[in-house]
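One line per chain: the protein sequences are A and B, in this order.
Start counting the first sequence at 178; every next residue gets the next number (this note's numbering).
Start counting the second sequence at 926; every next residue gets the next number (this note's numbering).
Hints are computed from structural coordinates only; laboratory data are not their basis.
Some hints here could point you the wrong way.
To give a feel for the contact side, a few chain A residues facing chain B, derived at Cβ under 10 Å [to be verified]: (1) A193; (2) F194; (3) V201; (4) L202; (5) R204; (6) I223; (7) T364; (8) V371; (9) L372; (10) L376; (11) A379; (12) V385; (13) I546; (14) P550; (15) T551; (16) A765.
Heads up, the beta-carbon is just placed ideally off N, CA and C, and yes, glycines get one too.
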Amino acid sequence: MSLAAVDWLLMAVYFAFVLGIGVVLKRYVTTSSDFFLAGRSLPAWICGLAFLSANLGAQEVIGMAASGAKYGIATSHFYWIGAIPAMVFVGVFMMPFYYGSRARSVPEYLRLRFDEKTRAVNAISFAVMTVFSSGISMYAMAKLIQAIHILDAPFAKIGLSSALTFHLSILLSALIVLGYILLGGLTSAIYNEVLQFFLIVAGFLPLVFLGLKNIGGWSSLKRQLPTAFTHSWQGMSSAHTNPFGVDVFGLVMGLGFVLSFGYWCTDFLVIQRAMAANSMDAARRTPLIAALPKMLFPFLVILPGMIAIALPNPAAITINPSTKQMQAASLTGKGLIPAKTDQFTGAPKLDSNGNPILDYDLAIPNMLIHYFPTGMLGLGLTALLASFMSGMAGNVTAFNTVWTYDIYQSYINPNATDAHYLWMGRVATVFGIALSVAAAYAASRFNNIMDFLQLVFAFVNAPLFATFLLGMFWKRTTGHGAFFGLLSGTTAAAVHHGLTLPLGAVAGIKGGWLGAVHIYPSEMAQNFWTAIWAWCVCFLVTTLVSLCTRAHEEKDLVGLVYSLTEKPSEEHLAWYMRPAVLGAIVIAIALVLNLIFW
Amino acid sequence: MGLDIRTPIGLIFSVFGVILTIYGLLSDRAIYVRSLGININLVWGLTLLAFGTGMLVLSMRRRRFLKKLRAHA
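Isolated chain A (complex conformation) (with noise of 0.2 Å):
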């Protein structure tokens, strides 16, 4: 696969824009309060598309695309009935306490509500976490490029090794995010993650359009895929009729309640593109904004995915020799999805029953190398690599802030001055990248090591919502009970984990090295039960350990307990700007799309 010129030309005109908002802003970064808040500045529709952006790294894009490869539309699962009522609950009923206390910063709010121990456990998983994040964003990225060799010809043409592309995209990319980052802060960071938005849609809408063209509409896309392919909730009422293998509690309460309350709602990587708005009411309507598109994604994202796997013949499409080749479709894939290939021998990788096992992850790339001829190409390719970035990016800003006002601030050197904290905003933004990248290389070389961590941050995330709800809407809950909650919930996943077996597992990195007592019929399943063991029991040690110990003063909860503090007026408002209206409509139109899919 090689790129034209006019390809270049594409990506060279993105880069030079990315940068260049940077340098524009870097005027107006004068505080640390411009670099890690955006000043408190934007207006609600620019912080929305970034709250969106930011969570739409290329892994999203690149997942749920394989996702609806493999699974078909019941991937919008994650949306309709994951994302959507999270969003318009923090929306709705958590931004004031988020945006009202003027916390600048998740850990922060977690300080002024409980204690300091609570905040350190917070803000220090949380660095670690979006580290890493985004040095695995960075080395999925370097894979991706190397994987469909754009850059091959070119360093062919300069005499370098192919094998150079890994480095150079990881180095590249890095430079870029720092450049921008430096630059503007997270006006810069939020600019660049609008911008992104737009390029998503300018990517794939043609790529949705010419794919469904191609196979005859939705209607013959059904009769092509397999009847659970096309219908999110047919079969849900049983673990074994359904691809993903969760029966419908799991399903609503796992994914829908425990897991996407507790990324939508207290992740700061989402939460500080909220805290950057202008006013309490652009705060809270964030992310109903971000809500809107966002239930429109599958659309953009999954279809591709689906109709990828639903090309009858592919390679029936003749290609005009003049042109550039098009990578050859692996005979032994299914529709536009290639199997994958031993490194080694470059022989298709078989499963158990001699089936060849795919590599969905391509279904995107595959698609836009499909259908786009020169130019479009390069525009679709440019989309990706921005959602690539400003994922990094949205990892490294929340990263700069939490450490320098969480943890430096903190525990390390509490009465500088602004400048100095402006500084080293900077200096972390600097080492953050840095951190990434080692990440990076650490993922290339040691798979296991990746997923043991992220098996990690799943079991401290999991519980993470029992303790906002619980800070947010009861007084009585303690500092005590908030932490023991919340070591318990860790713990309990990590038991959980421990004790269950995904059907055909092996012990270990999949669970079970406490010796299986239960086996699922599916890891996902696996994975939303121990979200919801640990977030009862986070639930349950909280407010037990809260009984036993000395509650707060309530003139110090004032504006961080839902019972003590103000309800914000939305009577000034158009009725279409008011919070609980959008929030409305917002789930009338989810629920809509259920319906439709069902």
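We have chain A already, so just place chain B on it with the hints.
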């Protein structure tokens, strides 16, 4: 913030639109076998150009509005 985000977005999409439109006009029809015979570069280039120009118009109206406010103040 001093920079209206609609300005860079309007600019980049206008530039993308112009590049794709010109390329769509000049390129060999044969490359569009892939995109089912549709000259997707031309069609989508014009769409992006329209979107980019729209964004630029919005940002210019905003600038004029702010100038008027300042003149009154």
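Here's how the hints hold up against the structure:
1. A193: Holds. Min distance 9 Å.
2. F194: holds (5 Å)
3. V201: Result: holds, 5 Å to nearest chain B Cβ.
4. L202: At 6 Å from the nearest chain B Cβ, L202(A) passes the 10 Å test, so the hint holds.
5. R204: holds (8 Å)
6. I223: Since chain B brings a Cβ to about 6 Å from I223(A), closer than 10 Å, the hint holds.
7. T364: Hint holds; T364(A) Cβ to chain B Cβ min 6 Å, cut 10 Å.
8. V371: holds (6 Å)
9. L372: Where the cut-off is 10 Å and the nearest Cβ of chain B is about 6 Å from L372(A), the hint holds.
10. L376: holds (9 Å)
11. A379: holds (6 Å)
12. V385: Not OK, violated: V385(A) not within 10 Å of chain B, min 12 Å.
13. I546: Holds: closest Cβ of chain B sits about 9 Å from I546(A), inside 10 Å.
14. P550: holds (4 Å)
15. T551: holds (6 Å)
16. A765: violated (28 Å)
Checked against the numbered hints above, the structure breaks hints 12 and 16 and satisfies the rest.
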